[in-house]
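Given chain A, work out where chain B should sit, using these hints.
Chain by chain, the residues run as shown.
Protein chains: 2
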Amino acid sequence: MKLQQIIKNNRLGLLFQQGTFGIEKESQRVHQDGSVVTTAHPKAFGNRSFHPYIQTDFAESQLELITPPNKTLEDTMRWLQTIHEVVLRSLPGDEYIFPMSMPAGLPPENEIKVAQLDNPEDVAYREHLVESYGAYKQMVSGIHYNFQFSPELIDTLFAAQNEYQSAVEFQNALYLKLAKNFLRYQWVLLYLLAATPTVDANYFKDGSPLKPNQYVRSLRSSQYGYVNAPEIKVSFDSIPQYVETLEHWVNSGKLIAEKEFYSNVRLRGAKKAREFLETGIQYLEFRLFDLNPFEPNGIALDDAKFIHYFIMLMIWIDETADGDGVEIGKARLAEVAWEDPRQPTQYAIEGEMLLSEMINMLEMIGAGESAVEIAEDKLAMFAEPQLTLGARVVDEIEKAGGYQAFGANLARVYKQNALDTFYMLTAFNNMELSTQALMFDVIQKGLKMEILDENDQFLRLQFGDHVEYVKNGNMTSYDSYISPLIMENKVVTKKVLAEAGFNVPQSREFTSLEQAVANYALFEGKAVVIKPKSTNFGLGITIFQQGVTNREDFAKAVEIAFREDKEIMVEDYLVGTEYRFFVLGDQTLAVLLRVPANVTGDGKSTVAELVAAKNAHPLRGDGSRTPLKKIALGDIEQLQLKEQGLTVDSVPADGQLVQLRANSNISTGGDSIDMTDEMHDSYKQLAVGITKAMGAAVCGVDLIIPDLKKPAENSLSSWGVIEANFNPMMMMHIFPYAGKSRRLTLDVVKMLFPELPV
Amino acid sequence: MKLQQIIKNNRLGLLFQQGTFGIEKESQRVHQDGSVVTTAHPKAFGNRSFHPYIQTDFAESQLELITPPNKTLEDTMRWLQTIHEVVLRSLPGDEYIFPMSMPAGLPPENEIKVAQLDNPEDVAYREHLVESYGAYKQMVSGIHYNFQFSPELIDTLFAAQNEYQSAVEFQNALYLKLAKNFLRYQWVLLYLLAATPTVDANYFKDGSPLKPNQYVRSLRSSQYGYVNAPEIKVSFDSIPQYVETLEHWVNSGKLIAEKEFYSNVRLRGAKKAREFLETGIQYLEFRLFDLNPFEPNGIALDDAKFIHYFIMLMIWIDETADGDGVEIGKARLAEVAWEDPRQPTQYAIEGEMLLSEMINMLEMIGAGESAVEIAEDKLAMFAEPQLTLGARVVDEIEKAGGYQAFGANLARVYKQNALDTFYMLTAFNNMELSTQALMFDVIQKGLKMEILDENDQFLRLQFGDHVEYVKNGNMTSYDSYISPLIMENKVVTKKVLAEAGFNVPQSREFTSLEQAVANYALFEGKAVVIKPKSTNFGLGITIFQQGVTNREDFAKAVEIAFREDKEIMVEDYLVGTEYRFFVLGDQTLAVLLRVPANVTGDGKSTVAELVAAKNAHPLRGDGSRTPLKKIALGDIEQLQLKEQGLTVDSVPADGQLVQLRANSNISTGGDSIDMTDEMHDSYKQLAVGITKAMGAAVCGVDLIIPDLKKPAENSLSSWGVIEANFNPMMMMHIFPYAGKSRRLTLDVVKMLFPELPV
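Heads up: the protein sequence lines correspond to chains A and B, in order. Going by full-length UniProt numbering, the first sequence opens with residue 1, and the numbers climb by one from there. Going by full-length UniProt numbering, the second sequence opens with residue 1, and the numbers climb by one from there.
You can trust all of the hints, since none of them are fake.
Quick list of the computed label-pair ranges, beta carbon to beta carbon:
| id | chain 1 | residue 1 | chain 2 | residue 2 | range |
| --- | --- | --- | --- | --- | --- |
| 1 | B | E552 | A | I349 | 42 to 52 angstroms |
| 2 | A | P42 | B | E552 | 51 to 61 angstroms |
| 3 | A | G501 | B | E363 | 34 to 44 angstroms |
Simulated from the structure, these hints should not be mistaken for lab results. For each residue, glycine too, the CB sits at the ideal point set by N, CA and C.
So that you can see chain A by itself, here it is in the shape it has in the complex (with noise of 0.2 angstroms):
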């Protein structure tokens, strides 16, 4: 099977370099010191049994974290990170994740509890490994990585030659020649991202086989890994003898099922190995690859891209492996992971040859000149094995004192990286803050998720047969259509409000400057708000709140707010607070206050040290990727702050309270406080049923309210309604400012999915 002439005739450089990735990794939890922990999967992780992304592996203990199929290796890089993300999140406060594949400080083998998942099937199977291999080596843990070529190749291939006359044989024939010369070259992959060259002593029950001082770069990879007994052995020369070699092992009870065959290479896409036969090979799973502690996920970007390349390098090429070529593979590569990862490795001149021709593959499918460089820095490993990664980690170990000290040092690291910025994805940072914490929920709650769409925040989730779509965090087909249609036009909404009997304030809308002036006298003495009929960002709004008192001072704020907008409205004022209940259902579960950008004076800092102070605080940043602004001193806030008699470097006095701005935006520095606790039950219900009436299943209800503690009257005294939002905002709830957190996405997740066990 010939590809190499058939890729450079046809132009298919670009379609060759596509493909799908998944990559699952496998790790222990572990207390701050390192030792493995003897507590159960986290029950914040939803269910087993349905879980795409948070799964446990061997044991209870041994989390593995399953990213879904990405067309690039950047998305698969970020779901992974985002994975660990939520997981590090969700950690019980002295739990952490060790990155190196062997564990360290391994319980008694007896307290070790295999993983507790549904099926009883799955855990009896388990107790088997136990049985035959023992529960250490079953501890071990590492990368799979998942690649399929893209079947637009495939089919373009399959018609380019003329050696197949099925497409399904030709796949799976393109298919083994991948897994047969990796196996024969995987060597290569090994000397230079092997990272296991050393375990503590207690890992060997019959005491360790490493000598004093000595490394080797792949203790996962040698006879004392994870490994089948020797004498199981199958053929790769093509599918019809490898379903006869597996199932012979299986049939003989040498393997319990066709899974506990460990090839660095399995055929994916079939439950059982004979129905390839008839649906051809999907994709291979390759689980060579030790965790890179270096890295918080377990693997680096650049490693991922450069097994890529090896992985289409091992197509490119014109031979293909036969059996002997598998066996020498196989070989090869136990005496690589025995080596000296400091030293060279024996086949380096095999290895450079190798790596030359990637490097002249990379050039001739256009695979650009980072690909190149990824190569050439790994061939420059082969002259210099200190720059290998197993090197780099023995140098750690020794700097660290140890190999479990090494891992928890780091696991700390992460954890607290990941604590950090709590509220992110840090991968999906371009997305809204809130539909960020939508997919947290839903990556930890085990939804299946598709991101259709990043710049627009749509996203696809998926339990059993049930789909649902989300747009910004919030916008769903529990909403119907007409609600938002009504809540955009607040002429609309006060009408259908007063209908339903709410207390709306009065507001008549004109289309001209001399009409509204001519109806001076409707509003004259009246507290009024005068306002362009559409504009969310407090522009072109006047509020005599003593009552308006002559026809110049109305027509100058009629003539301000006509700027924004083609018509305006006259409304009555309220006096009173304003609060933000956010609603969902039949239920208030949020209810804000929003006070304007401000500080509280200490005697002894300025004004500015007061607002830098201030602003240092984690929540506040930029304000469109993080929950809170940090306070500006630009004009407006220096013309606030000269209404109150002071500048920037005035010392207000101890407990003295500053005003930066009028307004009570959170987009302006504001501070957001949860009152859900403190707030009157009545209003929560008025806020129910305001969002009722509008049609609408999540609701921002804005209602202006003198005392919160009084129970509501019907009166525009007691309380009115000024706004309701579709769409509302979640962060300003999920990160407040100061009081409880309410995590709104999740109720979101529960009103799509009720079903879903969490």
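Chain B in isolation, oriented as in the chain A frame:
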């Protein structure tokens, strides 16, 4: 009860002018010659047991058109005009609306069928009227004018006076003052607005009381009109006296029910007069007015305004007529009714004094110049009786050669006018055509409708307790919020449709020119469309119908697309014709072919002449308020001509098709051709399935189909879906250039109110 001073002192001039106005207008359905029909009330007008706008009065032939209450007379008149347009366009081809109060060409009395209402009591009441008055008298028609002062005014006046302790008593006294003063001075309105100077002789069983060539001001308001027996006198001095006297006549059997009391002022707001003691009079109904034949709707806006000023004047003047005053007023009414309309009235001095006081009032309350002008015009009519409506009607009757002929001529003109603008509601032509069409259907079938926001095309519809909101003709609660959000995003739409198994052209998105060009190899040789991710105007789109063959052309097209959006798409180009499927629920209701702007030669006319001829089509206009758009002859059209070797001055051969545009948009002069019956059912089913996949209730699906007669197959060469649109256009289906009209708005009504009997 003196209110003038209170209004002045409290500057209530504007509030005094506020009110609520409703008009009921009776008229006879007639034949082309003006003779009254004997056909049943048309089934098109739905069910009279609930219809709020289109009822029958006494006889089956006697339409009663009812506007809802409005805050301005302008809106009331818009409603009245609209209901007329609905009725005129729904009548059988040979039926018209007679524009005058006295019926002409009456059938024999025994052929007049009383209104066949569902409630047997209503029918029995009418049969009683026939017995008491004869059927002919009941056939007389007129305008009833309903008026309510602003409740805010009444509250303010009540607070400012000290004559009444109870708000209900004050309100009753206010409306009774209005009623009594109206009855005292109503002759003034009769003098100015009466329009029943004569009638054909057969109206009178015992011969006409009119001498040859005698005309009077108002037969309808004379003893020969529609009046109670002379002894039926009811006191308006107070509500208790009103109740006592009215109940006396009912109890004594002189009246069969309170509603048989035909005063020119009726107290309204309760089923029985006795209830006014508790609830107060809510509004008054003034029943004095003859139909104005010069007005298609029976009343002129300026006259309606004048009546309003007259009503205000009846409150403004300090006097309140007593029982004797009311009797004087009724006597004068009878006298003035019998005067020659071309002669001055004997009471001219009283009339002029009253109108001078009205002008004084209008100036005091700031009603504006136009109001004063209306009053001045009427004032002048006391000196010049030939300007009165009655005198003008006499002139026209003489010109037409008879009463019936005059009425029949106008009836035909008014109907033709309504038919000429069949695609719109003239009074609401500021709104979208599709919303106008929906409003037409809603009014025809008798749903209660409130226009919540005209600019926003926002309607509130109600049947019984069932309320639905509609925006832009078909945006309703029947669609879920996520559906339009999915359809708004082409990428998400394609993903969802592909996942559901529909034939979707493959496409790739790019965010940079470089990235797109680097992937050129994927597209080489393929027929592709390159377009911005979001655009609805066809901008930035390039099509390589024969396949893209070089990188430079590809790069140029990509660059053009990036001018319109920051993301672009490259997708498969489908060969075939694009059809728009309009789907509602489980059914494809319409299929439309859009053909680029074109003309067909006749061997004689130039292109410019052919275009002018085609543009003369009644449906073609500027496109914003017409179903089709005129073909332009701008740069693009001339370029298109040039490609065919033509200019605007060329004379195409007979039958030669001349393309004026490449794109098929209706908005650039394209033709809309209904293909619903031609399209193979399998494609209609596909469109329904696509709609369901979008989760939508109403959807416009664009399919590309090479052969609409061949059943759909599961391949892109048989069909492909290129777009799914929320809030799809309806006008092009309702009023296509060619083919059958599909009344989709009626289907929307049926969807919203499946319980509505239509």
